[in-house]
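Asker: Sequence:
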Amino acid sequence: MESNEQTSEHMHAHGSLIPTFDLISIGGKKYSPWDYKEKQGLVIVFFDPAKSSDLEALSEINSRYHEITDENAEVLAVGSGPGEQLNECITCMNFKFPILSDVNGEAAVVYGATESMIYVADKFGELKLQAPVSGDLDATLVKVIDVLDLTELECPECGVSTWPES
Numbered sequence: 048m049e050s051n052e053q054t055s056e057h058m059h060a061h062g063s064l065i066p067t068f069d070l071i072s073i074g075g076k077k078y079s080p081w082d083y084k085e086k087q088g089l090v091i092v093f094f095d096p097a098k099s100s101d102l103e104a105l106s107e108i109n110s111r112y113h114e115i116t117d118e119n120a121e122v123l124a125v126g127s128g129p130g131e132q133l134n135e136c137i138t139c140m141n142f143k144f145p146i147l148s149d150v151n152g153e154a155a156v157v158y159g160a161t162e163s164m165i166y167v168a169d170k171f172g173e174l175k176l177q178a179p180v181s182g183d184l185d186a187t188l189v190k191v192i193d194v195l196d197l198t199e200l201e202c203p204e205c206g207v208s209t210w211p212e213s
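For the sequence shown, our numbering gives the first residue as 48, with consecutive numbering after it.
Among the hints, a few may not be true.
Heads up, simulated DSBU-like pairs for lysine-lysine below, C-alpha to C-alpha not over 30 Å straight-line [stated by the list, open to error]:
1) Lys98 to Lys143
2) Lys175 to Lys190
3) Lys190 to Lys86
4) Lys190 to Lys98
5) Lys175 to Lys143
6) Lys143 to Lys86
7) Lys77 to Lys143
8) Lys175 to Lys98
9) Lys86 to Lys175
10) Lys143 to Lys190
11) Lys143 to Lys76
12) Lys175 to Lys84
13) Lys76 to Lys86
14) Lys76 to Lys98
DEER-style ranges, computed between Cβ atoms [what the hints assert, rightly or not]:
15) Asp193 to Gln132: 29 to 35 Å
16) Asn151 to Lys76: 16 to 22 Å
17) Ala97 to Glu199: 31 to 37 Å
18) Asp183 to Asp117: 17 to 23 Å
19) Glu103 to Trp81: 29 to 35 Å
20) Glu131 to Ala60: 32 to 38 Å
21) Leu197 to Pro129: 35 to 41 Å
22) Asp196 to Glu131: 34 to 40 Å
23) Met140 to Pro66: 23 to 29 Å
Keep in mind the hints are simulated off the structure, nothing from the lab.
Even for Gly, the Cβ is constructed at its ideal location relative to N, Cα and C.
All chains, full assembly: derive it from the sequences and hints.
Answerer: Next comes the structure, spelled out in structure tokens:
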């Protein structure tokens with residue numbers, strides 16, 4: 048059985064700290080993974096707003112958002128392209144989580160997201176899971192929630208990585 052997890056020279060190893068970025072949401076607010084430092088886990092979803100399959104995936108994540116927030120985590124959806132283009136694509140979809148604009152694709156490059164990807168980090172910024180958005184999304188979301196559940200049980204005093212100073 049093949050794993051959904053991707054490996055490449057640009058992707059970060061499990062257990063490494065996730066890279067930071069500063070991106071603007073379609074609502075005009077600036078977001079960074081560091082905003083959640085020592086507060087919440089993160090599910091970062093890189094998507095292409097021109098792909099209907101990616102929008103369907105975001106819709107599914109939106110319908111299961113409560114399961115993610117129940118695990119003390121937040122979703123940051125990072126779309127390629129300018130905010131105006133993203134706004135046109137998703138205005139009527141009523142997402143419960145921030146939709147961020149990666150205008151020049153710089154955040155995607157730093158994360159090594161050469162395709163639509165999901166990254167899960169614990170509240171200390173440690174990468175716990177990376178998986179493509181394509182494929183069996185339901186199975187991937189079950190994994191995401193399981194990983195978040197497990198990270199809520201981890202003990203930082205037991206050697207878990209901590210966020211670097213920003």
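Asker: Decide, hint by hint, whether the structure agrees.
Answerer: Cross-check of the supplied hints:
A distance of roughly 20 Å separates the Cα atoms of lysine 98 and lysine 143; the hinted pair therefore holds under the 30 Å criterion. Proximity of lysine 175 to lysine 190 is assessed by CA-CA distance (about 10 Å); at most 30 Å being required, the pair is judged to hold. A threshold of 30 Å between alpha carbons decides the hint, and for lysine 190 with lysine 86 the separation of about 21 Å falls inside it, so the pair holds. For a cut-off of 30 Å, the pair hint linking lysine 190 to lysine 98 stands: about 23 Å separates their Cα positions.
Distance restraint check for lysine 175 and lysine 143: the Cα-Cα separation of roughly 23 Å lies within the 30 Å cut-off, and the hinted pair is therefore satisfied. This hinted pair checks out: lysine 143 and lysine 86 have alpha carbons roughly 19 Å apart, not beyond 30 Å. For the hint linking lysine 77 to lysine 143, the alpha-carbon distance of about 16 Å falls within 30 Å, and the restraint holds. In summary, the hint linking lysine 175 to lysine 98 is supported, as the alpha carbons are separated by about 26 Å, within the 30 Å threshold.
About 16 Å separates the Cα atoms of lysine 86 and lysine 175, which keeps this hinted pair within 30 Å; it holds. A distance of roughly 21 Å separates the Cα atoms of lysine 143 and lysine 190; the hinted pair therefore holds under the 30 Å criterion. At roughly 15 Å between alpha-carbon atoms, lysine 143 and lysine 76 fall within 30 Å of each other, so this suggested pair holds. Note on lysine 175 and lysine 84: the hinted pairing holds, with a Cα-Cα distance of about 15 Å set against a maximum of 30 Å.
Only pairs whose Cα atoms come within 30 Å are accepted, and lysine 76 paired with lysine 86 is accepted, the gap being roughly 19 Å. Distance restraint check for lysine 76 and lysine 98: the Cα-Cα separation of roughly 25 Å lies within the 30 Å cut-off, and the hinted pair is therefore satisfied. Between aspartate 193 and glutamine 132 the beta carbons are some 34 Å apart, a value that agrees with the proposed interval 29 to 35 Å. The given range of 16 to 22 Å is respected by asparagine 151 and lysine 76, whose C-beta atoms sit roughly 19 Å from each other.
A hinted range of 31 to 37 Å for the beta carbons of alanine 97 and glutamate 199 is consistent with their spacing of about 35 Å. For the hinted restraint 17 to 23 Å between aspartate 183 and aspartate 117, the CB-CB distance of approximately 22 Å keeps it satisfied. Taking 29 to 35 Å as the suggested C-beta distance range, the pair glutamate 103 and tryptophan 81 conforms, at roughly 30 Å. Hint check: glutamate 131 to alanine 60, Cβ distance near 36 Å, so the stated range 32 to 38 Å holds.
At roughly 37 Å, the beta-carbon separation of leucine 197 and proline 129 lies within the given 35 to 41 Å, and the hint holds. The supplied range of 34 to 40 Å is met by aspartate 196 and glutamate 131, whose beta-carbon atoms lie about 37 Å from each other. About 27 Å separates the C-beta atoms of methionine 140 and proline 66, a value consistent with the hinted range of 23 to 29 Å.
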